[in-house]
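A.B. asks: Here's the letter readout for the chains.
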Amino acid sequence: MATETGNETDSGTGTVTERGTGTRLVDHETKERLLSRSFYVVAGALLVFLWIPLAVMIILSFAVNASTFFPFRGFTLAHYGATFADAALMTSLWHSVQVATIAASIATVLGVLSSFALARFSFPFKETYRTFGILPMVIPGVVLGIALLIYFRTLLPQLFGIQIVPGFWTVVLTHSVYGYPFVLLLVTSRLYTFDESLEEAARDLGADPLTVFRDITMPIVAPAIGAGFLFAWIRSFEDFIRAFFVRGTMDVLTTSMFSMIKYGTAPKMNAISSFIVFVIAVVLAVAMNVGNVSGMVAGTEGEEE
Amino acid sequence: MTRNADGSRTETSGNSRRTFLKAGGAAGAASLVGLSGYVGEVTAQNPTLNVLTWEEYGDPELLNPIQETVGVNLKITKSTSSAKMFSSWNAGQYQQYDIAIPNNNYVPKMMNADLLAPVNQDVVTHQSNIYDTFQGFADNQFTSDGQMYGVPIRFGWYGYSYDSREIPEHEPTYEILFNEEFEGVDLSGEIIMYDNHFKAMSGAALHLGMRDAFEGQRVTLSEDQIQEVKQTMIDQKPLLQGYIAADPTYIKSFRQGNFLVGQSGRNEIVEMWDNGDDWPEMAVPQEGALAWFESAVVSKASNNKQKAWEVINEYISPQRGAKLAEVGYSPSVNPATQEHLTEEQNELYGSVDPAKLESFIPFKAVENERSWIEAWEEIKVA
Amino acid sequence: MATETSERSRSARERFVGAFTSRASRLGITTGPALIWLFLLLLTPLTFMVAVSFTSVDTFTYQIIWEPTVENYNQLFAGEGPFWQTAFFQSLALSYFIAAVTTVLCLVLAFPLAYLLARKGGTTFKVVIFLVLLPFFTMYLVRAYSWFLMFGPSGVINSTLLRLGVVNGPVGLFNYGVPAIIIGLTHAYFPYMLLSLYASLDGLDFSLIEAARDLGASRTAALKDIILPLVLPGIISGSLFVFVPSLGAFITPRFLGQGKVLMIGQLIEERINSLYAIGYGSAASMFIVLSIVVAFAVAFRYVSIEDLGGV
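Protein chains in written order, with our numbering: chain A, 2 to 306; chain B, 11 to 392; chain C, -2 to 308.
Treat each hint with caution, since some may be false.
Where chain A lies over chain C, by a calculated footprint (3+ residues, C-beta under 8 angstroms) [as the list claims (entries may be wrong)]:
1. 58 to 70
2. 108 to 115
3. 233 to 247
4. 256 to 267
5. 270 to 280
Since the hints were made in silico from the structure, they are not lab data. Virtual Cβ for every residue (Gly too), placed ideally from N, Cα, C.
All chains should be modelled from the sequences, with the hints used to inform the complete structure.
C.D. replies: What follows is the structure, encoded as structure tokens:
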């Protein structure tokens, strides 16, 4: 890739010499073209930057020598076999899927209800309510993780006599809070652009509120709800730091991966990571063609760890 | 979350796993092999014991015979630190587990927090055969009101290891970890220390001749001594390749030639020897070496204490103890395990001269741990 | 439709609908569940965290001793030397530095790409956005890990350079350390910056720029007077979403620092996991929270909360 970038720059310089003798206007045009070309170069270099480490990892996942290119000892599928045969790792993957699904469902229900409140009604402390709702996304994972660890482990038992052993459900609760703002933001933005006269028209034609909701509102808002759920799901699935604090001794995928990196098990780590990149690529490609995910994403930034 | 709720959750996860993997067809046939193995384990009628311990205890060669002999299913939850074992049990998870196997210095903490059941001496019959040294440690550290709460299982010690192709043979000393040049070899950027405040700072303290602080019930470094250790380690930092946390990472990095000498346990080096690397040398510094021994404990909330002690007894039985030594590259506390190991294996992780044991400093609790951690943080940010 | 159903179910349905039509109950049903949830799982824990930062913890039982003390805050800044020499302060300062460099780097790198994306449409756009989004959706941990493979004395970069004969020994720059951490964080949070900038550039009327240029405005003037004010909200929100998580980063410094670097998130984690020093951890967390509150307060002078969400 480095050579390619070099070529781009060379041809750019060539253009300058060719056009160097032109009039002021042409010179301006050249500059324009140069600028636009250098933008392309930068953009191309950036894509390389974004992709190189992942590409290296994917290549290494098929390499016999899994931790670095040299000495190269050939390709193999053995690492994938070993990874999918690792019962403990597969269990933690399954935990992650369960946690993400339950947590994202809770976040979606809460987020959709709140979004309607924010978009349709006026009520006291509305801005506070909204700011407060975005908080879980903004608070760094370390802080949220520790706050909830102290809460579950020390405060609830000590002050209220409620015994919650850290594990599956504490992670679900934590992630349900974490995922909530993503649903909230996506669904409110959809509702704001929603043409309420459609609903009015339906009501005028005699439809009762439930029918209006089912036949008019839902179909328009559904894609945003779906995107919100997907976002909350992915946030939960990829979260390490919050789960790390509140998980007790249960492993989710990210905490298993953490131990794998810490303990230097590169072959399995490469394989499971590449597998996830692959799955996400497929899901994303589908989602981009089915729904307007890029637009959705461009509309919402997230924050993690 | 109650114990029951958690149990049922685990079961469902076992069943629906099949559906999930089928759905994600890309996982391929390889996953199904692992799956059937996993499902097979939980089908029998025997009671299930939950064990929180180190990875090697989950090795099928060790696990399966013990499950058969005792008539239980063992569900091993891997842990990577004794501190984590203690803190999770202390947070209420002793109710979820039957057995934990932390390092010896965490047993008294668990006793203090009232999490443990006393050892059933009638069941743990092999305990009478262990090295006297460990018998003595158990009597000292794990006994309260005439009841014993922990059973030593296996042990190892810390010193340093070096690349003998680059560094000549020498009188073992911590000097090598703290100097730019040693025996004519430039070590700048070629040194590794443990990424753990206790192990790394203890190494520095022993280097500085503070052995007396390691004599009593606890390690007692004075504030001045901690400051001296801190300064020494700050001065050492530019010489370091880095701090390494875990054994496999150390082995990998050592093999790749990233450093020449590093603070390490003996079991890492034995593992390297066993895998054909003959160049690493293990050294026990004359200033003193720390020794650890893992000790099994049973939760006071266990419903199967009898079975739990039977399992623990197997861990130090001559035959299984030998297998455990083999999979973890660390010797068993029961010398009778030597009969079940080859001569070569005995040399690596079987027979150990009891006289050698006398010279080791066992892990112990630290007086004023907060000061240690503060100093450790200052070293890290320096 | 409704008339065809039986009287009984009709009235049930009306009751159900009625519950939604009364204003009070409608408001209660929509705002209530999230309010309760966030009260129990966000507000209460955070409030208690503030309280806990003013208490101490029994070292044996891990129970909180409810006696007000500022000991934890003293500890953060106490040492033999002046306060800026304490581990906490040094670690916090280093974290600020790393987060700031990361933010600037992201901004500089993301702008050209965002500009291009905003001007191009069609297939190019779709492909590029896919290529950008995929790493963005890939697990954060995986991305940090991929750099863990790249760096190090025998990592992919160094071993490749050695193999190609470009260098004689491992290059220090490509060893683990602060530069590796900054690269790792830039890679991790770059997409947030890109998408923020893109969102604000997307609405930009590019004919404005051309008009300005036609009227004789210099390139820098056009940038300063036209583009910048319009893109400012995007820059600010993008910077926040890069700076804030970089400040509290844990995984990236943990793996790309080889133990020689201690960022604030690691310091807090170690105190909690080795000593269960929740008082100290809470007090230290207050400084992260405080930094964020300040950052957002400043940001809100230029952008509204909707801009942050890109709504």
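A.B. asks: Does each hint hold? Answer for all of them.
C.D. replies: Here is what the structure says about each hint:
Here the stretch 58 to 70 of chain C counts 3 residues with a CB under 8 angstroms from a CB of chain A, which clears the bar of 3, and the coverage holds. With 4 residues having a Cβ less than 8 angstroms from any Cβ of chain A, the stretch 108 to 115 of chain C passes the three-residue criterion, so the hint holds. Counting residues of the stretch 233 to 247 of chain C whose beta-carbon sits less than 8 angstroms from any beta-carbon of chain A gives 9, enough to reach three: the coverage restraint holds. Beta-carbon proximity to chain A at under 8 angstroms applies to 3 residues in the stretch 256 to 267 of chain C; the threshold of 3 is reached and the given coverage holds.
Counting residues of the stretch 270 to 280 of chain C whose C-beta lies closer than 8 angstroms to any C-beta of chain A gives 3; at least three are required, and the coverage claim holds.
No hint from the list above goes unmet by this structure.
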